[in-house]
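Enquirer: So you can see what is in the structure, the chains are spelled out below.
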Amino acid sequence: MTTAIAFEHVSKTFTVKGRSFEALHDVNLTVERGEIFGIVGFSGAGKSTLLRTVNALERPTTGRVVVEGREISALAGKELYSARQRIGMIFQQFNLLESRNVYKNIAYPLKLAKLPDAEVVDRVEELLAFVGLSDKALSYPSQLSGGQKQRVGIARALATRPEILISDEATSALDPQTTGEVLELLKRVNEEYGITILLVTHEIDVIREIADRVAVMENGEVVESGSVYEVFSAPRTAVARRFVSSVLHHIPSADALAKIRSIHHGRLVQLHVEDRDTNHPFLSRVAREHDIDFNVVFGGVDELQGRLFGSLTVELLGADDRVDGAIDALRTTATVTAIDPAPSSLPELVEGLSAETPRQARRPEESSLPELVEGPTPPTATSLKETSRA
Amino acid sequence: MRDFDPEAFFPRLLKAIAETGLMVSVSFAVATVIGILLGLLLYASRRGNLLENRYIFGVLNFIINVIRPVPFLIVAIALIPLTRLVFGTGLGPLPATIPLILVASVAIGRVSESNLVAVSPGAIEAGAAMGASPARVLFTIVVPEALGPLILGLTYILVALVDATAVAGVIGGGGLGDLAMTYGYQRFDWIVVGLVVVTLILLVQMAQWFGNLLAKSVLHR
Chain Y
26 MTTAIAFEHV SKTFTVKGRS FEALHDVNLT VERGEIFGIV GFSGAGKSTL LRTVNALERP
86 TTGRVVVEGR EISALAGKEL YSARQRIGMI FQQFNLLESR NVYKNIAYPL KLAKLPDAEV
146 VDRVEELLAF VGLSDKALSY PSQLSGGQKQ RVGIARALAT RPEILISDEA TSALDPQTTG
206 EVLELLKRVN EEYGITILLV THEIDVIREI ADRVAVMENG EVVESGSVYE VFSAPRTAVA
266 RRFVSSVLHH IPSADALAKI RSIHHGRLVQ LHVEDRDTNH PFLSRVAREH DIDFNVVFGG
326 VDELQGRLFG SLTVELLGAD DRVDGAIDAL RTTATVTAID PAPSSLPELV EGLSAETPRQ
386 ARRPEESSLP ELVEGPTPPT ATSLKETSRA
Chain V
30 MRDFDPEAFF PRLLKAIAET GLMVSVSFAV ATVIGILLGL LLYASRRGNL LENRYIFGVL
90 NFIINVIRPV PFLIVAIALI PLTRLVFGTG LGPLPATIPL ILVASVAIGR VSESNLVAVS
150 PGAIEAGAAM GASPARVLFT IVVPEALGPL ILGLTYILVA LVDATAVAGV IGGGGLGDLA
210 MTYGYQRFDW IVVGLVVVTL ILLVQMAQWF GNLLAKSVLH R
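Those sequence lines, one after another, are chains Y and V. Just so we're aligned: the first sequence equals residues 26 to 415 in this note's numbering. Just so we're aligned: the second sequence equals residues 30 to 250 in this note's numbering.
Think of the hints as simulated: they come from the structure by calculation, not from any bench. Be aware that a few hints might be false.
What the hints assert, rightly or not - Capping the alpha-carbon separation at 25 Å, the derived lysine-lysine pairs in DSS-like fashion look like this:
hint, chain 1, residue 1, chain 2, residue 2
1, Y, Lys103, Y, Lys161
2, Y, Lys161, V, Lys245
3, Y, Lys129, Y, Lys139
4, V, Lys44, Y, Lys129
5, Y, Lys129, Y, Lys161
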């Protein structure tokens with residue numbers, strides 16, 4: 026794979042009325058050709074500003090943005106305008122031209138590219154068919170639903186056959202059902218046309234749904250990046266954990282843990298389940314071999330990019346030495362985090378030793394301890410539902 | 030108070046309608062061209078826009094702010110030397126168009142500017158993102174997007190012009206205002222005043238109806 030977009034030491038400082046504000050700080054990222062790359066962050070994290078440097082709607086104060094081999098941040102005038110025609114963009118508020126009908130909205134970039142009229146007609150019809158709005162050519166944007174507007178936005182962005190599509194919160198104004206449909210469409214754009222997609226969102230679900238790789242932004246910096254599977258299964262930073270825990274509920278919050286403690290008095294361990302672990306019934310086998318009982322008290326397993334992961338909080342019941350033996354045996358298959366039985370103090374964790382979690386081994390100071398102690402998932406009701414599901 | 034004399038009144042009414050029509054249409058047509066250009070220049074010279082220039086913006090802005098608050102009667106009297114220079118006389122409907130054009134131009138300039146400024150920044154950003162130059166964005170996105178409300182704004186000015194011609198009539202422009210004043214008010218003929226007012230209301234209604242229709246055809250909301 027080759028690089029589609031490279032952010033090299035990108036910083037951006039806005040100065041408004043003598044007060045300066047650093048929106049981006051030394052951002053380094055590469056987006057590979059043909060992938061769907063997601064940037065997630067809370068509002069004000071700088072993700073939209075970063076996205077706008079890709080088509081030079083914003084220019085970095087320092088650093089470079091290289092798009093398809095050209096430094097877009099250095100282009101101006103006609104060179105810039107033609108470079109922008111190679112980059113489609115879609116927006117949260119769709120930004121369609123209200124004074125033009127659907128057909129003319131999609132034809133607009135084609136006219137800019139000076140395509141002959143006859144070809145414009147064919148291309149617009151093709152695009153309308155692709156987004157499933159062939160019957161809406163003569164409708165005006167105000168007559169369309171949000172999802173339909175975004176389809177027009179996508180058709181318009183694709184009109185000039187760009188190599189790259191950038192998406193600024195394209196589904197944030199849509200309901201969940203419509204969001205799903207638009208994301209499906211973006212997936213098709215990526216798969217059928219091979220268009221590289223860079224999207225920013227504050228909805229982690231969007232990342233989970235379609236992104237291959239993800240970068241997490243906070244205060245103008247990229248604090249974490251990697252494959253979606255990596256970041257979701259082992260988030261390293263607090264902000265990434267907050268995002269991940271908002272959609273995955275398998276790790277108990279401090280409240281939930283206290284509740285579990287009050288009911289279950291055996292040894293509690295947390296098993297981190299990864300794809301290969303689920304192939305064989307290791308839990309029941311270990312329990313049988315070490316003559317202990319087990320009780321799943323919390324957790325869940327999710328699917329991500331075709332791979333499974335999650336965690337189970339399990340109560341192990343039996344004599345101490347047999348439970349110790351069982352934990353050792355479990356560690357040969359899964360990452361095991363023991364939860365200290367002292368119910369009065371905060372649960373203290375013993376770090377699992379498995380070599381399968383290089384991230385945790387490499388960064389012990391950011392183990393899963395804060396997840397359990399801070400527990401950013403407040404709804405215990407949801408968590409308890411997960412328990413019953415597990 | 031005299032008796033109302035329809036035979037004398039209706040020919041006068043028709044003549045007055047024609048004079049008012051002439052004053053309004055000529056001044057509106059010329060002022061629309063000048064005013065829209067003024068509005069475009071104001072918009073384009075704003076900070077961050079195509080022709081960003083604080084001096085152009087500042088000067089235009091100042092001129093408009095000076096002319097607009099001056100009562101039309103004062104403007105009309107002040108411009109009498111100019112109208113004499115252009116038309117050789119200060120009397121009649123055509124000379125009256127000079128002050129009407131001036132006040133309507135600055136009003137339309139302001140109305141155009143505010144409607145251009147009100148165009149959604151998102152639409153402008155989308156144009157830039159598609160690779161349109163700033164000039165292209167101005168003429169193919171900002172202006173068409175502003176057109177609907179602009180037509181409604183122009184309709185408002187048109188109605189205000191009908192009103193202003195009444196004042197122009199007093200200082201010798203003729204028209205419906207003059208008719209109501211000289212044959213109605215000054216002779217205590219309230220029937221004449223009433224009929225002229227009804228005529229004005231009808232004209233204004235027609236102008237508003239036409240403006241709304243036109244705006245509706247470009248405003249797809």
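Enquirer: If a hint holds in the structure, say so; if it does not, say that too.
Expert: A quick look at each hint next to the structure:
1. Lys103/Y <-> Lys161/Y: violated (33 Å)
2. Lys161/Y <-> Lys245/V: holds (20 Å)
3. Lys129/Y <-> Lys139/Y: At roughly 14 Å apart (the allowed maximum being 25 Å), Lys139/Y and Lys129/Y satisfy the hint.
4. Lys44/V <-> Lys129/Y: Violated. Lys44/V to Lys129/Y sits at ~47 Å, over the 25 Å cutoff.
5. Lys129/Y <-> Lys161/Y: Roughly 11 Å separates the two Cα atoms, so the pair holds.
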